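> Listed here are the chains, written in short residue letters.
There are 2 protein chains.
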Amino acid sequence: MADVKTPRLTSKGRATRARILGVAADLIAKRGIAGTQIDDVRRAAGVSGSQMTHYFKDKRTLIKAVIAWQAQSTLDTHTRPELGHLDSFEALRRWAGSTVERQRERAFEGGCQFGSLAGQLVESDAETRADLAAGFEQWLELFRKGLLAMRDRGDLRREADPEALAYALLGAMQGGLLLSQTLRRVEPLRDSLNAAIAHVESLATSNP
Amino acid sequence: MADVKTPRLTSKGRATRARILGVAADLIAKRGIAGTQIDDVRRAAGVSGSQMTHYFKDKRTLIKAVIAWQAQSTLDTHTRPELGHLDSFEALRRWAGSTVERQRERAFEGGCQFGSLAGQLVESDAETRADLAAGFEQWLELFRKGLLAMRDRGDLRREADPEALAYALLGAMQGGLLLSQTLRRVEPLRDSLNAAIAHVESLATSNP
Numbered sequence: 001m002a003d004v005k006t007p008r009l010t011s012k013g014r015a016t017r018a019r020i021l022g023v024a025a026d027l028i029a030k031r032g033i034a035g036t037q038i039d040d041v042r043r044a045a046g047v048s049g050s051q052m053t054h055y056f057k058d059k060r061t062l063i064k065a066v067i068a069w070q071a072q073s074t075l076d077t078h079t080r081p082e083l084g085h086l087d088s089f090e091a092l093r094r095w096a097g098s099t100v101e102r103q104r105e106r107a108f109e110g111g112c113q114f115g116s117l118a119g120q121l122v123e124s125d126a127e128t129r130a131d132l133a134a135g136f137e138q139w140l141e142l143f144r145k146g147l148l149a150m151r152d153r154g155d156l157r158r159e160a161d162p163e164a165l166a167y168a169l170l171g172a173m174q175g176g177l178l179l180s181q182t183l184r185r186v187e188p189l190r191d192s193l194n195a196a197i198a199h200v201e202s203l204a205t206s207n208p
Numbered sequence: 001m002a003d004v005k006t007p008r009l010t011s012k013g014r015a016t017r018a019r020i021l022g023v024a025a026d027l028i029a030k031r032g033i034a035g036t037q038i039d040d041v042r043r044a045a046g047v048s049g050s051q052m053t054h055y056f057k058d059k060r061t062l063i064k065a066v067i068a069w070q071a072q073s074t075l076d077t078h079t080r081p082e083l084g085h086l087d088s089f090e091a092l093r094r095w096a097g098s099t100v101e102r103q104r105e106r107a108f109e110g111g112c113q114f115g116s117l118a119g120q121l122v123e124s125d126a127e128t129r130a131d132l133a134a135g136f137e138q139w140l141e142l143f144r145k146g147l148l149a150m151r152d153r154g155d156l157r158r159e160a161d162p163e164a165l166a167y168a169l170l171g172a173m174q175g176g177l178l179l180s181q182t183l184r185r186v187e188p189l190r191d192s193l194n195a196a197i198a199h200v201e202s203l204a205t206s207n208p
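Residue numbers (the UniProt record's numbering), protein chains in the order written: chain A, 1 to 208; chain B, 1 to 208.
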């Protein structure tokens, strides 16, 4: 995801580039990738054709940058300081609650903007798939680190596998989001996350 | 999903229509919807332009029929007689094992063909979203029925909620499939399904 760094841009240039990416991500969330043309993005961002070409030479370059930008943006949203480090049962429940609330506020439209990019692009080409995998890996690492800390601290039993639990938490989140997005109701996301967290809790040292 | 029934076709016509749908579903799984043009489908199915138009007047009509066809085909694959009715812990584990094996055989390419359609089309228009929701509902009903039978039989405790557990099982499946497809490895799907089934098992009457 090298495109995310563009050191040769001025700070104004970086701001323009970020604005274009934000606009592109929003349009894609609303219309899908196939329904979003580079010229729609250019118009919505209010930049000229030559400016657009300066930052993104074609749709493929733009999509690649949107993947990296969306991975970082999703991660930032979900790791706001008030959510903590996902390294306690309480933090996991807060994270699940805030994930559910965010979708409810948006009436379940758009789902996970990163997962949605993945669903649309995963079979397009090997490089894009690798970029998407790198985005998911950032998430997995966040869960793994938190779960490992919980096991090291003795909150989780020794047999708890942070790797396996990280997959289960991210899987529940992605599947729950797609189902809630499609069915336009809260239950699939809420119940998927609750089940995954209940499973983590079942591995607590002091499990009653 | 009315398009799935076409009573006015002859048996030969129905076979041709089904062949076109199978070819379209395969191409879409490989290239995505945006990368699949109606003329590619026509050529791959070996039908003439006028035949194609006879069955599917445009890409939209074709995609709508592919959704219904894929929902039924996915359901048929997962409810083969040897898998039983998903109404016991054993049947749920067999279903999870066979889901994992099928993905492994395909080297995790394509993911869930129905979930993948959902990911690509969910924000396209309200009617398409309703068709996708109907497909997921067929799945949910299958899980709910099995879980309800388990509760009625006394395998699951009274407080077990078949509705919530059905969402958790389908969520784990969809999320696990998307992650395994993107990361091209078995763990996300296997661990997501294991966690969801372990949660169902934690509600067993004779939970040790």
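Quick caveat, the hints were computed from the structure, so don't treat them as lab data. There may be inaccurate statements among the hints.
Given that identical chains are not distinguished, each listed pair holds provided it fits within a single copy or across any two copies.
Distance condition first, Cα-Cα at most 25 angstroms in a straight line; then the derived DSS-like pairs of lysine-lysine [stated by the list, open to error]: (1) K145 - K64; (2) K59 - K12; (3) K30 - K145; (4) K64 - K30; (5) K12 - K57; (6) K12 - K30.
Owing to the predicted nature of the structure, the values given are computational and were not obtained by experimental measurement.
> What label fits K145 with K64 when the C-alpha limit is 25 angstroms: within, between, both, or neither?
neither (27 angstroms within a copy, 43 angstroms between copies)
> Under a CA distance limit of 25 angstroms, which applies to K12 and K57: within one copy, between copies, both, or neither?
Classified as within: same-chain Cα gap 19 angstroms, cross-chain 49 angstroms, threshold 25 angstroms.
> Up to 25 angstroms between alpha-carbons, please classify K64 paired with K30: within, between, both or neither.
Classified as both; 18 angstroms inside a copy, 20 angstroms across copies.
> At most 25 angstroms between C-alpha atoms: does K30 with K145 qualify within a copy, between copies, both, or neither?
Intra 33 angstroms, inter 35 angstroms, cutoff 25 angstroms: neither.
> State whether the alpha carbon distance between K59 and K12 is at most 25 angstroms within one copy, between copies, both, or neither.
Within one copy only: 22 angstroms inside, 43 angstroms across.
> Pop the pair K12 and K30 into one bin, within, between, both or neither, using alpha-carbon distances up to 25 angstroms.
Neither: 27 angstroms inside a chain and 41 angstroms across chains, both beyond 25 angstroms.
Violated hints, in rising order: 1, 3, 6; the structure is consistent with all others.
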